[in-house]
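Colleague: Each chain, written out:
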Amino acid sequence: MKTRSFMGGPLLPILTGCLFFGGWEAIVRLLDIPTIVLPPPSSIVVALWGSVGSADFQWAVVVTLYEIVAGFALGALSGLILGFIIALSPLAERLLYPYVVAFQTLPKVAVAPIIVIWFGYGLNSKIIITATIAFFPLLANTIMGLRAAPPDQIDMMVSYTASRWQVFRMIRLMQALPYIFVGLDVAIVLSVIGAIVGEFVGAKAGLGYLLMQKNFNFDMAGTFAILFVLSLIGVILHAAVRLVQRRVIFWMDTTGKQSLSA
Amino acid sequence: MVSLAQRLPIRPDPREHRDIALMRIAGVEKTYLTRDGEEVHALRDIHLDIRAGEFISIVGPSGCGKSTLLKILAGILARSRGEITMRGRALTGPSRDLGVVFQAPVLLPWLTVLQNVMVPVKIQRANRTEGEARARELLGMVGLSGFERKYPSELSGGMQQRVGICRALVHDPAILLMDEPFGALDAMTRETMNEELQRIWSERRKTILLVTHSIPEAIHLADRVVVMTPRPGRIVEVIDVDLPRPRTLDMQNTPEFGRYAGRLRRHFHSHATFDA
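Protein sequence lines correspond, in order, to chains X and S. Counted the way my numbering counts, the first sequence spans residues 2 to 263. Counted the way my numbering counts, the second sequence spans residues 979 to 1254.
If you are wondering where the hints come from, they were derived from the structure by calculation, not from laboratory data. Quick reminder that beta carbons are idealized off the backbone N, C-alpha and C, glycines included. There could be a bad hint or two in this list.
Partial list, computed: chain X residues near chain S (C-beta under 8 Å) [as the list claims (entries may be wrong)]:
| id | residue |
| --- | --- |
| 1 | Asp-153 |
| 2 | Val-159 |
| 3 | Ala-163 |
| 4 | Trp-166 |
Sample of chain X residues with no beta-carbon within 10 Å of chain S, all distances over it, derived [claimed, not checked]:
| id | residue |
| --- | --- |
| 5 | Ala-27 |
| 6 | Ser-44 |
| 7 | Val-53 |
| 8 | Val-110 |
| 9 | Gly-121 |
| 10 | Met-171 |
| 11 | Val-190 |
| 12 | Gln-246 |
Assemble the whole structure, with the sequences as input and the hints as a guide.
Modeller: Written out as structure tokens, the structure reads:
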């Protein structure tokens, strides 16, 4: 029991964190590396502390967070809807899927400048860039999930005279949920990237915009501080999705395996 | 040695059973086409009359088509030829008059025990209050009172299969079709389940068709044992079991029981191994 809580608890990751940042600090100081090349963790903490209170920084966090969440919602919802249509209609699959895949293989970074031209330097272009990235994981997982129902469960339903709609509602939809949540989890993390890419291409506000500014000014500690905030946002959003997932798909254990062989 | 029954297809005299047959299987065949275009007979010329209240075991080695036959009767597999009638009316698909118990319990992990038993009631849009009362009563009968709100993952394999049996009975079907329902259970649990099935059958006056690969199980429970052999899957003999009821496990050690078992085993000497 003791080893289990030791293995499962936060102690081990904290230990690696301490070693990593401690080593980083030590190397920068011992080798006398200039801050402009690699700032020590202590100066990043100072920079972070300094910016947290500033209105500019807080506004940037709000803007980027809004782009991430709105873009994620738009992309995920479209992916979900198109996924249902394609999974349920072989005709729609033949008509649309090749083009969806072709669109997916297109690097979104390359498309981003066009979207900025079409939708301007404001929030809309960032939301749409984010949506194009969040779209595909939901689409692919929804299609796969709706087709993942075990044949014996469908046979069971049919033997009790279930209609196609009843099989869909009572089995296919439920069996698709774990897949859909995998898609949501991937999409929310990619959405952070989407919003930053959008801001890099052209923006007037946001963490990506702030990051560029700090970078141009050779404020390396400030740049690293923003990177830290971005990864923190990613981790929190990911954890939020997992929290909802555990509530909705309560019959699966955390490893994602169905806890029942039936 | 080829017995007479093996050479002659078993055809019941239609005049004799017309009034008492609850389900009539007449000339049912199932053929598959292999990739090379070769025709494989999974089932050939199956004739069987099932009387109301009867307990029939179908026994045979794997590949004899016994599960295929059950799936066809359940309406989840199409037959290639032949007629199935139920109370004189043609059976063309799944029917509310049937309850199916599968090899695995096939419970839905996101539903509670009670909700799982209620699945047929929900599908058939039957009266919910009556259905729930019957579901609770059935769960009580198999010793699962107090487990209504548990989830399948909290139950043992034997308990899960009991829930599966309750689900097959909740809409009060005339015939219970069981496809090797206890195959995955250990020997001890299996014996207990056999006792329970015997009790359910006598208390509920159901007609039961049980597919099994266990010869003792087949004899222990059945009024008639249907023997099937593979390539092509066909019925080679139907044996009446005249052992008194209720049957006990001790009966399996009697000479009469041994004679039935011996008679069944004769058919399988040249075939795959049997657990018995």
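Colleague: It remains to establish, for every hint, whether it holds in the given structure.
Modeller: Hints versus structure:
1. For Asp-153/X, the interface hint holds, the least distance from its beta-carbon to any beta-carbon of chain S being 5 Å, beneath 8 Å.
2. Below 8 Å, beta-carbon pairs count as interface contacts, and Val-159/X has one with chain S at about 5 Å; its hint therefore holds.
3. Because the closest C-beta pair between Ala-163/X and chain S is about 5 Å apart, less than 8 Å, the hint holds.
4. Because the closest C-beta pair between Trp-166/X and chain S is about 11 Å apart, greater than 8 Å, the hint is violated.
5. Distance check on Ala-27/X: its Cβ is at least 50 Å (rounded) from any Cβ of chain S, clearing the 10 Å threshold; non-interface status holds.
6. In this structure Ser-44/X is separated from chain S by more than 10 Å, as the shortest Cβ-Cβ distance comes to about 51 Å.
7. At roughly 43 Å from the closest C-beta of chain S, the C-beta of Val-53/X stays outside 10 Å, upholding its exclusion from the interface.
8. At roughly 40 Å, the least C-beta separation between Val-110/X and chain S is larger than 10 Å, which holds for a residue marked as non-interface.
9. With a least CB separation of 45 Å from chain S, Gly-121/X remains clear of the 10 Å interface cut-off, as annotated.
10. Not every beta carbon of chain S lies more than 10 Å from that of Met-171/X, the smallest distance being close to 8 Å; the non-interface claim is violated.
11. For Val-190/X, the shortest C-beta to C-beta distance to chain S comes to about 27 Å, beyond the 10 Å cut-off, and the non-interface label holds.
12. No Cβ of chain S approaches the Cβ of Gln-246/X within 10 Å, the least distance being about 14 Å, so the stated non-interface status holds.
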